[in-house]
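Q: If you read the protein sequences in the order shown, they are chains D and F.
Just so you know, our numbering puts 669 at position 487 of the first sequence, and the rest follows in order with no gaps.
Just so you know, our numbering puts 716 at position 534 of the second sequence, and the rest follows in order with no gaps.
Honestly, the hints are just simulated from the structure, not real lab data.
Some hints could be false.
A pair holds if it fits inside one copy or across any two, identical chains being indistinguishable in the list.
Straight-line alpha carbon distances no greater than 30 Å define the calculated DSS-like cross-link-like pairs of lysine-lysine that follow [as the list claims (entries may be wrong)]: (1) Lys246 x Lys612; (2) Lys246 x Lys559; (3) Lys559 x Lys220; (4) Lys284 x Lys246; (5) Lys612 x Lys284; (6) Lys408 x Lys634; (7) Lys408 x Lys284; (8) Lys559 x Lys634; (9) Lys408 x Lys220; (10) Lys246 x Lys634; (11) Lys246 x Lys408; (12) Lys246 x Lys220; (13) Lys220 x Lys284; (14) Lys408 x Lys559; (15) Lys284 x Lys634; (16) Lys612 x Lys220; (17) Lys408 x Lys612; (18) Lys612 x Lys634.
Protein chains: 2
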Amino acid sequence: MTDLATQRTSQSAQFDGIDRVARLFAPRSIALIGATDKSWWSRAIFDNLHNHGFTGAIHLVNPKGIEVHGQQSVAAISDLPDDVDLAFVMTPTPVTLEVVQKVADHGIRSAVVLTSGFAEVGEEGAQLERALVDLARERDLTILGPNGNGFINAADGITPYGLTIPSPLISGPVGVVLQSGALASAVLGFAQARNVGISLLVSMGNESMLTMTDVMRHLVHDDNTKVIALFIESVRDPDQFLAVAREALAIGKPIVAMKVGRSETGARVAKAHTGSLVGNDRVVDAVFRQHGIVRVDSLEDLVTTAAVLAHCPLPGPRFGFVTASGGACEIIADRGEDEGIVIPPFAPETEERLREIVPPFASPHNPIDVTGYILVKREMMAQSLQAVVDDPNVDVAVVMADLPREEPADPLPALDSATRLSELAHAARKPVFVMQNTLTDITPYGRMVAEKSDYPTVLGGIEHGLTALGRATQWSAAYRGQHHATATQSEPLAVDVPPDGIWAEHVAAGFLQAHGVPVVPYRLVTDADAAVAAAEEFGYPVVVKLAADVEHKSDIGGVKLGLASPQAVRSAYDAVTAAGRAAGAQVAGAVVQPQRSGGVELLVGIVTDPVWGHVLALGMGGIWVEVLSDTTLRVLPVTRDEIRTALGELRGAALLSGARGTTAADMDALVDAVMATADLAGRLGDRLESLEINPLVVDGTRIEALDALITWRQP
Amino acid sequence: MTDLATQRTSQSAQFDGIDRVARLFAPRSIALIGATDKSWWSRAIFDNLHNHGFTGAIHLVNPKGIEVHGQQSVAAISDLPDDVDLAFVMTPTPVTLEVVQKVADHGIRSAVVLTSGFAEVGEEGAQLERALVDLARERDLTILGPNGNGFINAADGITPYGLTIPSPLISGPVGVVLQSGALASAVLGFAQARNVGISLLVSMGNESMLTMTDVMRHLVHDDNTKVIALFIESVRDPDQFLAVAREALAIGKPIVAMKVGRSETGARVAKAHTGSLVGNDRVVDAVFRQHGIVRVDSLEDLVTTAAVLAHCPLPGPRFGFVTASGGACEIIADRGEDEGIVIPPFAPETEERLREIVPPFASPHNPIDVTGYILVKREMMAQSLQAVVDDPNVDVAVVMADLPREEPADPLPALDSATRLSELAHAARKPVFVMQNTLTDITPYGRMVAEKSDYPTVLGGIEHGLTALGRATQWSAAYRGQHHATATQSEPLAVDVPPDGIWAEHVAAGFLQAHGVPVVPYRLVTDADAAVAAAEEFGYPVVVKLAADVEHKSDIGGVKLGLASPQAVRSAYDAVTAAGRAAGAQVAGAVVQPQRSGGVELLVGIVTDPVWGHVLALGMGGIWVEVLSDTTLRVLPVTRDEIRTALGELRGAALLSGARGTTAADMDALVDAVMATADLAGRLGDRLESLEINPLVVDGTRIEALDALITWRQP
């Protein structure tokens, strides 16, 4: 984590105890401060509390003490009863600080501040926000917001939320945290259309005190929540965020996140809107993957994937599909491949069984199409599903079906059929999902049927359904695989950092070698005779390089390659040192190395991301990096397994296993070399800005850094 | 087109006249043959005709002449009146041929055959189907099917369709053709949920006579149809399909297609289900792109993209977005970048104007977030949209909004607001789209509001909406760009094909050179002295290669590189010819070439796709092809512009413009060389199986084929 990130997280550090967060989300009585008939927000919050099951007391504060929303208000906060648990503040910006002061004076311990005009509008607002936070901290008040819509505790029917919540509010397993106010309503509406229930939904606002990470930590420990869904603009406290993610993965509570700011325009937009740091997007991918956070690209996928993750871990990656459409089978096959879903052949006994169920012209293969004959023999679908559920090759069964959209003249057949499917699914020893062909709403009637029959989760369309199943499969694998992962954090290592922040190459080489990173043999020499002696020892041809803290030595004639005779070495020594002096560098002499040829060039780099800290970049060297950007990233610390996986992800990975006449690499030794580099970076901590080995040449068992550059941050 | 494809298309060739297709889809009276209360299909078709506006006569034929679906039937086809235009045949498979005979005898000219049990079930069924087609052809009867659900002519309210059509059937601009029966209902249901109207929907069945291409051709000329949407399993008549696609592009009627069978499992499934050929999927991508066919990957995108394409061509690629959510802005920016949507900065005068509309803390940038203050000042949305519509930098405006889902207590405000937005959109001189945050249904109430207010097209969610807008932008560019494209087809060229189908390299080289493809200088020699003489002429170093029809000469020691002296050339000659003889080859001597170094290696290949015929593959040579599969494809014929674009698509394209110290390529000369190769393939026609130049070395202006292999198909 960077210093900047440390600063950013310090504010939320006081929220380590989760009890105060739990208290904020479970008030028994709520006071609306600034309640007025003139405010759309005030009306919405009041109605929400009344319409969605809040059984506690609702108090209104209006300076005139008049009737508001048909209920008598009090004129002052001090007039409120003593037992108010939560103040919902929607007073004008200029008086908000004073109001919050009075809230604290009255002994109220939690507040939602809806009011905007704080850090999001510029420096003046930011000052006001800091004053608000200072006050709250001093008075032990917990604030959600400002500039946020509040929360919806659907599990307990507590809904102090500033935008209208359409009925019905469906309670369920998904905890939702959003760094966007307006999209909270979009997510809520879409979840309702999908019949996906939520436990708690929180619109974070400015995160002046309570951060997204604090709410995540609360949800990790919340029994009503089986899966956490996030809409992220920026992560303000990366270390804590990742700690919570690790905890969630450890206890098997999945996190799915939509993180925006991928594109350059997006980064610009995010800056305009929140002023927050937006990390490099590929780093975000790497960080999330390493921590078992499922990333999705759309709000539809966020909700659909959360619905599937609520049933995770899945027992395995092998899916069996039952359809009544050959076209759907083909879409499933195409999209399944994209999403890494395994669609294995059915076991022979299953095919045998299916042959007896489906018409003779149907193929009893996975995915199975029972054909349009379903209209004649409706029981085929359930029978086929049962056969697929019983198949030992199948871990998860999916049946293409839909809930009825409107009440038919005779509702019983549809209800019976739904009940039979539900019973089959509940009796199955493996997960069973229902999937629609396309993403259309589950209508109110369909929802009623689903509730009555305790219907399985219905995935909205093949497109989003398979994305969700694929991501859930990946998460399940990450969950199962996590016990092998043991990233080590070694002791800090102190170094003398040069004033200009850069180490000359031979210094870097010596440093790397001293810490276990293999380096091509070299000799620092200070005259031509010593250069020749070194060359004789290594054997010809050799390379002679200027030893000086110059970044691009070859550009100034500081590197001479392929020297095959003592005379050539001698003149090379003279030439490179002269070139160094001509460039005004501090010349320490020259470095002699054996000339290598053959092997595969890798780049092993450590860079510092402003949000996530040290990131390991692995890539194929030369054109692979320069033209193809063929790199893969991992945030530190990493495990040996992760390094091995990362190397396998490179597009040029085949070159490491002997393609194109290369020698197959000694992968254990290669992983050792990368691990040593990563460990070293870990030990150097914040002082290390970047460390680039380019190339690391891999030639069978011979693995050597040929060039290295280390830059430091000034203390 | 291949011979196989020619065979496949011969059946539909008789449908060149589109009148008989138009006749089939516009019957004034329909007879249901095999009508019975016991059949779900019979009931569905009868109800569909009654419920969706068919005003013509419906006749029922049942062998017992009893009352069916509450209407008197006739016992025999011969008992039908004389004016029946269409027979809908749903009799049992064994009697279908006889029934169709009687249909023809009665003078009925069009038939839909719903009955299954034909080519889709195996050879016996295929025989029956051939007999059916022979009969129909002989009797001038046009058949849709068998094994198809019929069609829905929504424009004219004619719905002889075998699955229940839910109400309301929305008439509109999208013509839909599906090679899947069951998915037709899915598409229809989704289109209804999106309030997207269709003109004609056809479920193709087995395409025994009428093919997808025939229906496409009909739709190209159908004034009710503004866009054609296809669900494709396999294209049976590629040449005609592409001819129709070209015609559609020429007249500006977009085609959008979902083509399944991408994955290996998909290909297996498609084989199991249809027995049709499934082409290599990357070739399909290339073919579609070259012919302006928009390809999509989901049923949701198929319908949503069609809805946008109905408003195409778009005036340009620059989009202006109006939202009330910073989060939505960020999603739009991220996804817009994926889809190639341009989101330009607003003009200064627009920013100025927006500053006066939105609150001071809002940023007046594109996409604009008017902020949650919209709840206070609702007119901001329309005002901002007007400003964006007026912006000279914006070609298309998109406003994030939604239709009401349920009737509010006071319906007027929502209706007024919808009307104002509609008026603004209709008055605009550029397209205006409405986009929802997520994909949820347009409810019946919302549809009513949309109809009353003549509301703009509502895109279902940012995810699918931006995909549709991006694809529509690409189509509009293709439509505008098509006039530059003039692919030439040269005169056929006759060649003597060797018995084994492969030409020795030196023969291939001579052949290429004779037809304008630049080849590295070479000399065929038959003794060592001549080899030395050739080397002296070229200058050292040279390459000596065995001249014989051996595919991998270097594997048997038939290639000697870097020969720098007469002696080396002499022994190389002896060695390679000896190696050839040892391998049992017909040795014609050896080929001497100058040894080249430097330059960029390309692969230029022509391969034969079983469906689409000759495909040009361009790739970076060496590791680029072998490890990265860095190739791009074009079906022949191609234009020079397409070749230039294709070269630019290569991941290693930067190497052609001088990256990594390479010499920038003479692109005109390179395009010439590729064009000559493509032209040659066109002239050779079906006889050419493949032609591979690997490498074509490009070194500035020097462009030379260093190695070439041509394989032939036996006549």
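Q: Could you check the structure against the hints above and give me the numbers of any it violates, in ascending order?
A: Of the numbered hints given earlier, those the structure breaks are 1, 5, 7, 9, 10, 11, 14, 15, 16, listed in rising order.
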